[in-house]
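*Asks:* Sequence:
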Amino acid sequence: IGINHLTLLPYYEQFEVEPSDIILSIVPTPLKNITNKRIIYVKFSDLNIYTLMKIFVELKLTSDKLIPILKKYTEYMSLSNHHMAMMNQNLQGILEIVSEGILCIDKNENTIFCNKSFSELLDIDYHELLSKNYKEIEFEQCLKNIIYKKDDVLYEVINYKDKKLLVTKLNLPNSLKGFILNIQKVSHIQAVESNVRKKLMDKGFTAKYSFENIIGESAIIKSKINEAKKIAKSNFAVLIQGDNGTGKEMFAQAIHNGSTRAHGPFIAINLASLPDNLVESELFGYEEGSFTGAVKGGKAGLFELAHNGTIFIDEIGDISLHIQQRLLRVLQEKEIMRIGANKIIPIDVRVISATNKDLYSLVEKGKFRKDLYYRLKVLYINLPNLNSRSEDIPLFARYFFDNLNSTKYFNNDSISILKRYSWAGNVRELQNLIYYLETLCDTDEITPDDIPDEFKINMDLKSSYNIEFENVLSNYKESTIREFHVILNSLYAAYTEKSSMGKTAICRLMNNLGIEISVEQVRHRLSKLSCHGFINVGKTKQGSKITQNGILFLNYIDIKLRKENYHK
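In our numbering, the protein residues as written are 38 to 605.
Worth double-checking, as some hints may not be accurate.
[Stated by the list, open to error] Once the Cα atoms are required to be at most 27 angstroms apart in a straight line, the calculated DSSO-like pairs of lysine-lysine come out as:
id: 1; residue 1: Lys222; residue 2: Lys186
id: 2; residue 1: Lys144; residue 2: Lys214
id: 3; residue 1: Lys535; residue 2: Lys514
id: 4; residue 1: Lys187; residue 2: Lys144
id: 5; residue 1: Lys153; residue 2: Lys187
id: 6; residue 1: Lys109; residue 2: Lys97
id: 7; residue 1: Lys333; residue 2: Lys380
id: 8; residue 1: Lys582; residue 2: Lys493
id: 9; residue 1: Lys222; residue 2: Lys245
[Stated by the list, open to error] Simulated restraints on C-beta separations:
id: 10; residue 1: Lys153; residue 2: His42; range: 53 to 63 angstroms
id: 11; residue 1: Glu325; residue 2: Glu157; range: 33 to 43 angstroms
id: 12; residue 1: Ile149; residue 2: Asn272; range: 25 to 35 angstroms
id: 13; residue 1: Ala299; residue 2: Asn170; range: 49 to 59 angstroms
id: 14; residue 1: Asn314; residue 2: His164; range: 48 to 58 angstroms
id: 15; residue 1: Lys514; residue 2: Leu315; range: 48 to 58 angstroms
id: 16; residue 1: Ser555; residue 2: Gln362; range: 47 to 57 angstroms
id: 17; residue 1: Asn272; residue 2: Glu249; range: 51 to 61 angstroms
id: 18; residue 1: Ser453; residue 2: Glu505; range: 14 to 24 angstroms
id: 19; residue 1: Val94; residue 2: Ile60; range: 20 to 30 angstroms
It is worth saying that the hints were derived from the structure and are not from the lab.
Note that beta-carbon positions come from the ideal geometry of N, C-alpha and C, so glycine has one too.
All chains should be modelled from the sequences, with the hints used to inform the complete structure.
*Replies:* The structure is reproduced here in structure tokens:
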């Protein structure tokens, strides 16, 4: 075998001989009697009987040593042949039950294997395909064009008679030659995909709410529900605009459930505060190894999962121009490409987007693409805030209390307070108030005394209180108003502890909050508040106390500042 610098000795496990000078063992598999450290494992082929006899002759071994080896060799070959026969039978059985059609052609251009699915998909007699030169088989021309190509053909769709087929042709390695032809029915692939998507729906990709779940008897909300029902019947993109807490996702789910896509997936994503790379991978998916941290096997994006259904994109006004460009392409071409992939995936998805921002003003500022804006706003609906539908507040209150299995209720005076309040957080803020009162209120009847002070301010701009407060604020700069806010908050904290607070303590507190102000300036602010009747300034070291009118003024400023921050 060309190795002349080593003395090679034959070895067999039945021989209980191991010369002490063996420094290297060359074996096909681990042997229990081989103990030296240097072992080389080599692949080997089964020896036929003639080669085995020739080895014995060359080694001049006696027949008594040949007989047991021949016996074991015969047993091994018998088991090996049986095992190979079983494997071949199992493999043929597997290939027969798969839905894909498989045809295998050898180097002589003859059929060496064909499953029944192949003959059924092509409507060709099964026996006509077996042991026949493939050039003699009457294939349609569209399939012949693929078969006669020298190179591999991957996933090509053809119209074969009355069917759409996905065809793959793979050439066998040079040592084997020949090729394998694989065909699949496109409708079967689509059915499998649909089944997978339905199972994904079981994981939570469903819409829970319908139009019947939307609470409200006011004229304005009834009008919006009727608009949404009409929108549901179409298949165009929808833009839902409204403040936070107005029910944008609930309307999106209701539109989905009222549409022809109701049995498809409903997938929601909130894009606020998500970095670009995460938004891109979530929406469009990625291939394995496309970036550090990519999961094995890759991941389908939300557009892919929403196929034949609806995707709801919340906070659409927060996405970057880069993501806007990719999203525009999806809406135009109705196809996506995963990150790191080179294959385009067609999708059929309805897009419902939502925002609490003025998108057109963002367009004018160059922060939102005009072409995307008009792609998203084919159909649109503007949802009213809770102030515009105050007559629905008792219905919401009862709904939230019932969900808590609570017997609490608002009396008429407390309902009047809630109807006059400006709900910056809309229904969500009302829900939080219900949770607060359920936890802290000891009686079933909720009176105005039970409602926190911040809700008692009348936010109706036509009220005498607010006209007065607005007139007061119009005389001061924003920085001074914020100083008033801190001072009144400090005095209110002292008021709850039945105490007062002096100008020095107030000055120290404001400095700790980062407000640069002197004791003399605090005294001046206290004097102004006292002139308006919002505080009482004590003599000498008695300190100052907030008045009831001052509490209302504090609530007014507090809510006004909160609304301004909310809309920034």
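*Asks:* For each hint given before, does the structure comply? Return the numbers of the non-compliant ones in rising order.
*Replies:* 3, 9, 12, 15 and 17
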